[in-house]
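Peer 1: Let's have the full structure, built from the sequences with the hints guiding it.
Which chain is which? The protein sequence lines are L and V, in order.
In case it helps, UniProt numbering puts the first sequence at residues 1 to 374.
In case it helps, UniProt numbering puts the second sequence at residues 1 to 280.
If you're looking for bench data, these hints aren't it; they were derived computationally from the structure.
Only true hints are included.
Which stretches of chain V does chain L cover? Using the computed rule of at least three CB atoms under 8 angstroms from a CB of chain L, they are:
| # | segment |
| --- | --- |
| 1 | 122-136 |
| 2 | 141-150 |
| 3 | 243-249 |
The calculated label-pair distances, taken between Cβ atoms and stated as ranges, are:
| # | chain 1 | residue 1 | chain 2 | residue 2 | range |
| --- | --- | --- | --- | --- | --- |
| 4 | L | 38 | V | 136 | 53 to 61 angstroms |
| 5 | L | 79 | V | 47 | 18 to 26 angstroms |
| 6 | V | 54 | L | 158 | 44 to 52 angstroms |
| 7 | V | 110 | L | 374 | 31 to 39 angstroms |
| 8 | V | 16 | L | 307 | 39 to 47 angstroms |
| 9 | L | 307 | V | 114 | 17 to 25 angstroms |
No experiment lies behind these values; they were computed from the predicted model shown.
Cβ atoms here follow ideal geometry from the backbone N, Cα and C, with glycine treated the same way.
Below, each chain spelled out in residue letters.
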Amino acid sequence: MTRTDKTRSGLTRRATLALGAAALATPMLSRRAFAAPTELTMLAWYGHAEPDMVAEFEAANNVKFVPKYYTGGDNMLGLISQSPPGTFDVILSDAEYVQQLNAAGYIEALDPADYPFDDFFPEFHKFPGHWDGDTLYSVITRFGFLGVAYNTDALTETEASTYDVFWDPRLTGKVGHFDWHLPNLGQISLLNGNPSPYDIDEAAWEAVKEKTLTLRPQVGGFFDYGGTFASLNNGQMLAFAGIGDWITGTLERNGAKVRSVIPEQGGLQFTESFSIGKGSAKADLARKWIQYITSPEGQAKSAQMAAYPCIVPSQKGWEVLAAQNPDEARRQGMVEGPGSAIDLIRTGRIQYRQLPVQQSLEDWNDFWSDYKGA
Amino acid sequence: MRRPVSLYGLTFSLPLLIWQLLFFVFPLVFLIALSFWTVRNFRMQADFDTVNWTTMYGRAIFWQAYGTTLALAAGAAVLTSLLAFPVAYAIAFKLSDRARRWAIMLMVIPFFTSYLVRVYSWQVFLSDAGLINVMLGWVGLGPYGLLNTPGATLLGFVTLAFPLVVLLQLFSLIFIDRTLIEAAHNMRCGRLRTVFAVVIPSARVGLVIAALFAFILSFGDFVSPIYLGGGDPTTLSILITDTTKSGQQWPRAAVIALTMIVTLMVVAFLSIRFAYRGRK
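Peer 2: Below you can see the structure in the form of structure tokens.
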């Protein structure tokens, strides 16, 4: 029997070549069908680019976040100043550092029409520090209050409702400080009756220093982020200055007997806001992310962030959260009415945390170091 | 007669030279330059201003932290050496070869785990509701404040340095001439006296270098003072982080770092000089 012009497997040469070409082209086809995700770099506090926050956005937009986490505004400024322009597409910052970012030319101007400010409470439509005149540079995404954090086995809420509790003899050696001068000294300034705790004259500043030094014998330690969690969780510290629900809320969710309260002298407010990094090649995608996280659904997600909870500025976000997780909405005071987060702001019990106005940051920091060594 | 530098010799010495230039000399030169820079509005500017030196050296907290760090590191060097010596001695003189190999391996194992984790685990023992206070409670004692104290910081330093100090002491004890010990015993020298009159002087170089390493590791450590000492009292490593955390004062942090480097060099020089004193 005569053999025909076929391979042993029965395929013609042409068919073999076609098959080979198809095999070689397969990666191209699959690449087109499943394009590699676009990387979006985010400079933020820990938690903002974790799956509980970004997975949905990543899947919907074929994006992969590449986070760089920092621990404090100075750390953030240092990381940006040491990186080439365009390194970070999205930058999360506390309000007091937005002006520094803008002054140094690290962030892009934003179009307010791109963001859902109409969903926000009026107090957050033109948040101080986020605007330079009529130009927007950063969009607020969440905030929290700083007051007295306490162990619920050791103190009642009524006892903890004043900064004076830090001087309680029962707490000698059991008062912890979050190791950053701004929130701690701001709280002492409030205790001293300064209505604008960071805008104080020299006499008031001296009084703040004097009062702070009297607290030193009560202090059991100065802790960073991890140390603060550990010392509250294991009951080593029974009261804490300079923090709030962003720490105790996380611990409370996990069963620790700690809570935060806004004392009668008032509390401080910190904010977190998103900007687009100057020179970002993916500004459109960065804008899309900010739109997503400031939408009502994004805001409800942000309020429940696994790393640390926060209050959100979107009124519609509050409604979504109340529908999704009414217990958490109540716990964080995100149900409108007396005693709610917005009510505390409107009744003047909350002041913004900011950089010192009449003294230099160096003065405050130097005193803090001296206080620690006292 | 001076020997010419051969290509062969250069090949083997060049990597060390490059390493020293890249990872010690260049960073050190940069650190020195940085200490004269200034910071304006959160931004560092190349400058030649002595303000960082005068500011840091003029502050009481700097000298207080310096004294604290020096005392804690010296305490850790002495304490670790004292605790490590009986262990190293037993491994060197009392164990069989096989048991000694196992003991050395056990001393190496701590290096496989994170120091941070080891320090955190001490919190389980030292906290008010920790294991030590619970056990003391069984006999009606305590609770005592053990965590967030200088003693806890010292314990962390010992945790860091102990395995290395044991190994360094061990290697110097192993190579002691055994005939010297036998001679001491033959001359009716008691066991304890032999240790002080023969063993320790013979192993002096190794013992001093081991203590020096304990000092170096403790002097620059940040983890134990923060997580076991509660950041109180302030050490130089904590002061560096304080300085950089607020206002981007890296140039002032450079002043502290350079002071630490000079201190370590002086201590190392004096220690080695003491170790080799009387030797030819």
